[in-house]
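J.: Protein chains in written order, with our numbering: chain A, 1 to 177; chain B, 178 to 289.
Just to be clear, a hint being listed does not mean it is correct.
With a cut-off of at most 25 Å between alpha-carbon atoms, the simulated SDA-like pairs for lysine to any residue come out as follows [stated by the list, open to error]: (1) B:260 / B:289; (2) A:69 / B:232; (3) A:56 / B:202; (4) A:42 / B:256; (5) B:238 / B:279; (6) A:42 / B:255; (7) B:238 / A:137; (8) A:69 / B:203; (9) B:238 / A:43; (10) A:56 / B:279; (11) B:238 / A:60; (12) A:144 / B:220; (13) A:155 / B:203; (14) B:260 / A:52; (15) B:238 / A:33; (16) A:155 / A:94; (17) A:56 / B:286; (18) A:144 / B:238; (19) A:42 / B:202.
Note that these hints are calculated values from the structure, not bench results.
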Amino acid sequence: MVFFFQKWYRLTGRIPHNRKDMAVDTFQYTPKINLEFAIGEKDFFMAGESASRVKKTLQQLGMKQEIIKRISIIIYEAAMNVAIHGSQGMLRVFITPEEIMIETEDTGGGIPDVDLAMKEGYSTATHEIREMGFGAGMGLPNIKQCSDELKIDTKVGVGTLLQATVYFTDNKGKTSR
Amino acid sequence: MKVGELASVLGLEVLTGSVNLDREIRSGYTSDLLSDAIANIEEGSVWITIQRHINILGVAKLKDVAAILIPNNLQLEQEVIDKARAESITILRGSLSAFELSGLLYNALKRG
Numbered sequence: 001m002v003f004f005f006q007k008w009y010r011l012t013g014r015i016p017h018n019r020k021d022m023a024v025d026t027f028q029y030t031p032k033i034n035l036e037f038a039i040g041e042k043d044f045f046m047a048g049e050s051a052s053r054v055k056k057t058l059q060q061l062g063m064k065q066e067i068i069k070r071i072s073i074i075i076y077e078a079a080m081n082v083a084i085h086g087s088q089g090m091l092r093v094f095i096t097p098e099e100i101m102i103e104t105e106d107t108g109g110g111i112p113d114v115d116l117a118m119k120e121g122y123s124t125a126t127h128e129i130r131e132m133g134f135g136a137g138m139g140l141p142n143i144k145q146c147s148d149e150l151k152i153d154t155k156v157g158v159g160t161l162l163q164a165t166v167y168f169t170d171n172k173g174k175t176s177r
Numbered sequence: 178m179k180v181g182e183l184a185s186v187l188g189l190e191v192l193t194g195s196v197n198l199d200r201e202i203r204s205g206y207t208s209d210l211l212s213d214a215i216a217n218i219e220e221g222s223v224w225i226t227i228q229r230h231i232n233i234l235g236v237a238k239l240k241d242v243a244a245i246l247i248p249n250n251l252q253l254e255q256e257v258i259d260k261a262r263a264e265s266i267t268i269l270r271g272s273l274s275a276f277e278l279s280g281l282l283y284n285a286l287k288r289g
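The shape of chain B in the complex, shown without the other chains (with noise of 0.2 Å):
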């Protein structure tokens, strides 16, 4: 499943524009700890994380990940959104929590 494909399905906000919405997911990982983020995500994963400060890109774009996923409607600085669409990362952002996303996204992934 494609990153677009999954913002359409699930209802996401896309808040990076079109930056890399042709990416393949892979897999998806959820966490708000750095160091077990970089040490468990695999590349062409979506990541679901409360973090929003300008430090998950450097994890993302260390961990090739597909998109990253905020859920619970957070607000996030454009500073963040505007380093993400230069580095070609993917925000994406949902409305519900942490643990809904990554049941929904799970389903979607193992459906294909």
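Chain A on its own, in the form it takes in the complex (with noise of 0.2 Å):
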């Protein structure tokens, strides 16, 4: 843990509110990394691109390599998504030493049945994408499967707000860091 902590004052320059053992009073305590990445129509690159800049900042962390592989999963997965079905959207990411929070917000169609959706095999993607090797229906599953909370907020027409949180300790999460 020490360890970790000794990285993230490096990368941010702060120290996290519960370790204010380890600061001198100056020091702000707002232990926060925001990334955030635009992902415009059938952007897939920008999509992939983003989740690759996210799992180096997490290496730079020093977190654990199963944990990494969670988030990356979740964040390439509904990148991909807004940059299929989303028109246009945001993706961004909050990280605290206790947890990280992928949040994606696009202006696209919405989703009309959001348990049909969850169902793995279950997609509305057209033809083209598919023979592009995406629309196997997997994405919302993938998500579900590496998240330890999914909010999803949608409205037929207006868009998609995705939430999903990543615990990185036992007392609330699947996993520690």
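Dock chain to chain to rebuild the complex, using the hints, since each chain is given by itself in its own frame.
T.: Structure representation (structure tokens):
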């Protein structure tokens, strides 16, 4: 844990609020790393690139390989959903010492039936998209499997807000750092 | 086994020049569904796929693959090859099918 906070401090110049014992009084206690990516329609490369960049940040923070793998899958799938279905949107990643929250917000067509969209193999992707190897109906199920918490707020014709959280600590989530 | 060795042993074409040929191969995975690839490819794998659009590079980078292997002598656009080179991703190509290349890769890795 201490090693993580040392890296954290080196990267952010900030001290986690639950580790004030490590801090000098003059530091600001705002332990956050926020990353933001704009994803355009059919901008698949940016979707993949954003996942790679977040992965690199997490590696620099010294997180466990297993948790990085889960987070990478969530970001890739969520960003791809925006590129495929979302018209255009944003990917935002909020990292604190306790958790990571991945949020995508798009102005696409929305999801008429979320339960159905959660079913493995169900997809509304077009033939062209499927030919590229997307649209297998595994996106949302993959995200759900990798998240500790998943919220989807969607309205047909307006867009979708997806928030997936992975906890780093044992008491809240499936895994520890 | 290194990427360069695999290419010479299996008679594969190297499309990306000298990029990453010293990389050690740890495993292999064959899939054309990107969601499946993202979920299941192990780091340092050779990924066999017939997909040739630019998005395979995003998957390859994220999963840190040792190389992408294109079967059936399928053609790639120069844009994809250039981008792969820029991103230090090796692309190999073989004349055999994905099934046959998977078998050969499996045996080559098993022999070590």
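J.: What hint numbers does the structure not satisfy?
T.: Result: hints 1, 10, 13, 17 and 19 break, sorted rising.
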